[in-house]
Amino acid sequence: MFFSAKNLSGGYGGVDIIHSCSFEVNKGEIVSILGPNGAGKSTAMKAMLGMLELSSGEVTIDGKDLSNLNTQTRVKLGVSFVPQTKNVFTEMSVQENLEMGGFLRDASYKETIDEIYELFPILFEKRNQIVGELSGGQRQQVAIGRALMIKPSVLMLDEPTAGVSPIVMDELFDHIQRIKEKNVAILMVEQNARQALNISDRGYVLVMGENKYTGTGNDLLNDSEVRRSFLGG
Amino acid sequence: MDFLNAIVLIANFVIVPALTYGSQLALGAIGVTLIYGILRFANFAYGDLMAFGTMISILITWKFQSMGITFGFLPTALLALPFAVVVTIIVSLIFDKYIFEYYRIKKSPGVTLIVVSLGLMFVLNGIVRIVIGTGDKQFFDGHKFLIKANEFKELTGLNEGLAIKSTQLITLITTVIIALMLFWFLEKTKTGKSMRAYSNNEDLALLSGIDPSRVVMITWVIASILATVAGTLYGLDKSFKPFTYFNNLLPIFAAAIVGGIGNPIGAFFGGFLVAFSEIMITYAYKKVLIYLLPESLEPTSLMQLLSTDYKFAVSFSILVIVLLFRPNGIFKGKVL
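In order, the protein sequence lines correspond to chains A and B. In my numbering, each number is its position in the first sequence, counted from 1, plus 504. In my numbering, each number is its position in the second sequence, counted from 1, plus 158.
With the rest of the complex left out, here is chain B (with noise of 0.2 angstroms):
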């Protein structure tokens, strides 16, 4: 009994949540390795196009809601959705067309491009913070609990209860829905070869008369529904802040490098990952250990490795670690 107490409670606390944030991470990551393997830099303005695309999706979400539109019990964000992905992609096209290709066309280094989305994710917080604010913004509707965690204490007779959240289990399903299309996409479409043909060698890609410039807007077009589907999960999820996103670009990058920048199946695994790593440290085993641990054993402490305000020192560890003894990755980098 004491040993499914604990695993409940290691579910409830550690697993669950680290399924939910690592699909988060994991499409974000995904968005980071595809701009990075078919443009050629580290997009820094991607954690605030989530950002942005998360602020439409609540803009029309509200809106929605104000008409009386709602989606059963389901989150009418969920419906808004699909709209927000189009204006995000829209804009993404728009900013591609005025900053980003002078760059390309000019052949301008990797390190250049990254300056240039700095820039770019400067401008984007700020107008997010401008148009919605800088609080918190909730947006969530709908059936909120799968199971309670009292109702699964009386339904299981355990002194632990699991608690699910309907957002976490739509986030997971889209997410491994998504990265399936998208694998998909990108293994068995004549247009998904050539665009891992262009990644893998761009001269040859253009004497085979594959057209760069529908390449990467078609890049664009994935990164931009990415963005936007995680950034409205993670803010369905928890709840929307500007400055999350800003702060979430850190464990996101961590994921595609620790996955090998470049390789989406990599990156996928690496938002797992990065968010198990995450969530198992700053976790405080106590309660844990006192079920498992015969009671002369029982901890005093919290027996937590780190505090949770380090979350992201977690993040920035494994990135040093990784670049350190693995520079291309667990799975092998710089392949598409």
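Chain A on its own, in the form it takes in the complex (with noise of 0.2 angstroms):
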């Protein structure tokens, strides 16, 4: 696998929120982090990144050992993160967004930009507006642009969809696959869990920060106990 994370346990400081978890995705496959409210989902993906001591576990990309390193290394190496909330700067073009993004890129990251406008072609005629007047959706768009910007081979999303309605979530879900096929590794936590298997190639079910049910995203889908307690029957 490309990317892993193998037995990671750990919290903010005193009892450990996950335990002992284990995620993997290849490039160009898009997986999904799903469970109930307060499983670890994102802290799960915080773990990942480097936002939170670890008791146990370790993290690898293309074997080559992350566990140590601090978030701005991570990001360096090519894990891009996506937050749930404050993703882009509100007081900024979209453009600038952009540029921020690719801040670590040297002249050639102009070309970057014109791809994301590609994939994001209403954010190249919102270009010059300021982020914090566009519409949710539109925003995250410019969250994930610029999180693309240093072209990374992991994309991690935390709650992409989380409070657009039901039309930009699917358009959202669109984008997020043609990601995929650029061939980046993305694993995004969700709470639209049957839409978001529904994209997925594989999917973790998070319960009370433990792995509890693993599969492709059919499997789940079809899998009559996650129906009952994740999908609603």
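Hints should not be assumed to be uniformly reliable.
[Claimed, not checked] Calculated cross-link-like contacts (lysine to any residue; reagent style SDA-like; alpha-carbon spacing at most 25 angstroms):
hint : chain 1 : residue 1 : chain 2 : residue 2
1    : B       : 490       : A       : 589
2    : B       : 490       : A       : 612
3    : B       : 348       : A       : 557
4    : A       : 630       : A       : 612
5    : A       : 580       : B       : 373
6    : A       : 590       : B       : 364
7    : B       : 221       : B       : 249
8    : B       : 348       : A       : 556
9    : B       : 348       : A       : 615
10   : A       : 614       : B       : 341
11   : A       : 655       : B       : 221
12   : B       : 348       : A       : 571
13   : B       : 346       : A       : 682
14   : B       : 490       : A       : 638
15   : A       : 614       : B       : 221
16   : A       : 686       : B       : 367
17   : A       : 630       : B       : 360
18   : B       : 221       : B       : 237
19   : A       : 580       : B       : 249
20   : B       : 346       : A       : 636
21   : A       : 580       : B       : 237
22   : A       : 580       : B       : 221
23   : B       : 265       : A       : 556
24   : A       : 580       : B       : 350
25   : B       : 264       : A       : 629
26   : B       : 265       : A       : 577
27   : B       : 348       : A       : 670
28   : B       : 346       : A       : 629
29   : A       : 614       : B       : 364
30   : B       : 265       : A       : 575
31   : A       : 614       : B       : 361
32   : B       : 264       : A       : 557
33   : B       : 348       : A       : 612
34   : B       : 265       : B       : 434
Hints were generated in silico from the structure; no laboratory data involved.
From the two separate chains plus the hints, produce the assembled complex.
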């Protein structure tokens, strides 16, 4: 597997929130982390990004151990992250947000901006507008676009569809599928479990900070127990 | 004719001084607002950092004067200014390294940092007084007036004169140039944008690979440049007395808050707003009104809203009014 996290345990100092969780994702795959509120989904993602104190576990990318590196170094190695909230520079223009995403890149970042405008045509139209004035769905596109600017090999999304309308959600999921075609490994935490599983190659269901169910998107969608507990029958 | 006399009077006693004073406040307010936007605390030591920078300017100026180096018709202090700026930057960076960095890493709340900066303020204040003394210091040389009141009267045939000191013009021009350069830097350069990004959303800036220690360093560099330039211009225009810089802290903070704290363009205009308010409210309009009104309505009193001794009350009132009715400032605050 290209990116893997094994037996992660940890929390924000004090009690462990996640207990020996493992996740894997390959390039060109979408993997969802699902589960009820408070299951530790976002915490697990932060653990993989080095934003958490781990009591055990290791994270590797392409065989390289990341476990002792800080978040910024992991970003440099191609692990990009879109937080759930505060994921854009609200006071800056769309173009400037993308430029900041490419802060670590050399002059070639300009081509990447064009690629992102191709992926999100609406952002090209709004490129000089202040992001704080955009709609929720557009902001989310800016957030994902910013994270794509470093040309990541792994993209982590923390609830990319939180708080947007069902139509916008479908649109965002379409975009995420198109990012996958660019051979990026995508790992996302989602509340909208059914829709997320529909586009996912695999899924992990977390309960109380532990891996409870694992399987392909279809397996989980058809698993009666998973359906009963998370997908509403 | 009376009307023109009134205008010249206002220009001489209100507009020209307010533009000069406003420039000095504007530079200081931009410094305060930048530190607030990036380092997230109100730096009370800023007034005394200005005093410190000015002191260095003066010491170098005196040295130059004793060596016989002058700057032609311009004040020698302008020649000394770049050196003073470098010294102040180094001192600021040392203070950051040994004082502020500790609290930044600990993620101390802004209130703690304000108290820390108060402590530094007293230390700086003490250093300046010990080194250069508490009295008035003159360090101006060069050509004093661009136009004298008498010359203006002869030239125009008006009763009232308009005097423009060279320091006033130097102050205004320097301020405009520095402010334009700074705004260009923040809007157009990669480093400037990364500072705005850091001010807007620190966590996301870190996720984008922006180096926080570099942003902080550049902030201190800019703030020190602004403090030294503003302080030296103020000292050239009036005279140097350590205590006045401490006093100026209030109008500077008023300007930064009126403009929306964290917003440099707001701070720039805030500086002029505070300066004009202070001077317009404390100016005695008697003579102006004598020119403008018919004889029967001529005022007998000074027609002064507030005595000049109370000029700081004006800044303070502006501060209170803004915080009560528009806490974000006139321009949108908490932006960079």
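> Out of the numbered hints, which ones does the structure contradict?
Replying inline: As far as the earlier hints go, 2, 3, 8, 11, 12, 13, 15, 19, 21, 22, 25, 27, 34 are violated by this structure, in ascending order.
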